[in-house]
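Q: Start from the sequences, fold in the hints, and give me the full structure.
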Amino acid sequence: MALVDCDAEAPNDREFLKEGELQSTQAVTQKVPVIDKSKCTYCGKCDEYCNFNAIFFIGKHSIIDVLEELCHGCGACSVACEYGAISEKDELLGHVNRYRFSSGNELIEGRMEVGVHISIEIIKESIKAANKFDLVLLDSPPGTGCPFIQTVYRADYVVLVTEPTPFGLSDLKQSIEILKEMQIPCGVIINRADMGVDDVRNYLKQENIPLLMSVPFDREIAVAYSKGELITSINSEWKTKFKQLYHTIKEEFQKVKIK
Amino acid sequence: MKIAIVSEKNSLDARIDSRFGRCAYFAIYDTDSKTTEFFPNPAKDAPEGAGPEAVKFIASKEAKKVVAPEFGKKAEDMLNKLQIEMVNDKDKTISEIIKGF
Chain A
-1 MALVDCDAEA
9 PNDREFLKEG
19 ELQSTQAVTQ
29 KVPVIDKSKC
39 TYCGKCDEYC
49 NFNAIFFIGK
59 HSIIDVLEEL
69 CHGCGACSVA
79 CEYGAISEKD
89 ELLGHVNRYR
99 FSSGNELIEG
109 RMEVGVHISI
119 EIIKESIKAA
129 NKFDLVLLDS
139 PPGTGCPFIQ
149 TVYRADYVVL
159 VTEPTPFGLS
169 DLKQSIEILK
179 EMQIPCGVII
189 NRADMGVDDV
199 RNYLKQENIP
209 LLMSVPFDRE
219 IAVAYSKGEL
229 ITSINSEWKT
239 KFKQLYHTIK
249 EEFQKVKIK
Chain B
194 MKIAIVSEKN
204 SLDARIDSRF
214 GRCAYFAIYD
224 TDSKTTEFFP
234 NPAKDAPEGA
244 GPEAVKFIAS
254 KEAKKVVAPE
264 FGKKAEDMLN
274 KLQIEMVNDK
284 DKTISEIIKG
294 F
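Protein chains in written order, with this note's numbering: chain A, -1 to 257; chain B, 194 to 294.
If you are wondering where the hints come from, they were derived from the structure by calculation, not from laboratory data.
Heads up, a few of these hints could be off.
What the hints assert, rightly or not - One-sided and incomplete, this derived list gives chain A residues near chain B with beta-carbon spacing under 8 angstroms:
#: 1; residue: Ile56
#: 2; residue: His59
#: 3; residue: Leu68
Heads up, the beta-carbon is just placed ideally off N, CA and C, and yes, glycines get one too.
A: Structure below.
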């Protein structure tokens, strides 16, 4: 199996899985336009084609510039230019690092370069790198923005982790609404489940979404986490619980598959 | 000389907007004719790059100065490039700001 750390902005799975050895590092790049000002006629068509305001163009002052941080690498400007003034160069966005464990399992980590602010391409390439594995776990970035959507888009089943607080519920609702729209089944784990309010549990009942597991607020877990140790290393009880979680997810997935 | 001022509404008693790239209106004050014209900011709802887009707009109106409480990094770079002077001001009405020029 493979675990893909799709949280390319701040990947941290490696902190907990230190044994694997680095097998390869693949650069992820994006095409960015380069404008040859000697060929440019300042017609402004590239600016017109750009959906992201990445071409800074003021025709009457003969000013044209590429704002690389706004560019999505779609190539529309090169298509628009009739004068051959636009070529493309590769800009480094980040890397996909593969770590191989003695068991044959792999940790595949997407990691953005400092200063890059769109992680989508890195997430895509990271997930692609896990193609040959039967079972793939995708560790999604938080929130409900494009990085989350790009990650869950490839998933058969999504496990959402929340907390029993109004803030947790608000985020959970947004995530569940998106997954409904995308028609991807999901289940929920409540972290620090013995604190806060019952709103999350009530919401899950009302929406008929399975509660897969509850993790209490526990000093021992926090200490292990702070040392970069997995919860399953604390005692065999947690190991059993996580094995059970895997079977529960499988069962839930089978149920929705039949439907 | 023309001066662009970010404005919440299209009238002289409107207050200066709190943002540059996504302000509601631009008041363009002409120091020679002492007249002010209001334009809706075409970059207001841009999904990305509102700052540079707003710079394009005020440059097209020939503004040499621009007044706003603050400017984003990308807008600042473009304003410097175009030699449009940035003036920081806030909490005033458009007519109060104009009096200062």
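Q: When the nearest CB of chain B is found for His59 (chain A), is that gap smaller than 8 angstroms?
A: At 7 angstroms from the nearest chain B Cβ, His59 (chain A) passes the 8 angstroms test, so the hint holds.
Q: Go through the hint on Ile56 (chain A) and say holds or violated, using the shortest Cβ distance to chain B against 8 angstroms.
A: 5 angstroms, holds
Q: With chain B as the partner, please determine if Leu68 (chain A) meets the hint condition of a C-beta pair closer than 8 angstroms.
A: 4 angstroms, holds
This entry satisfies every hint, going by the numbered hints stated previously.
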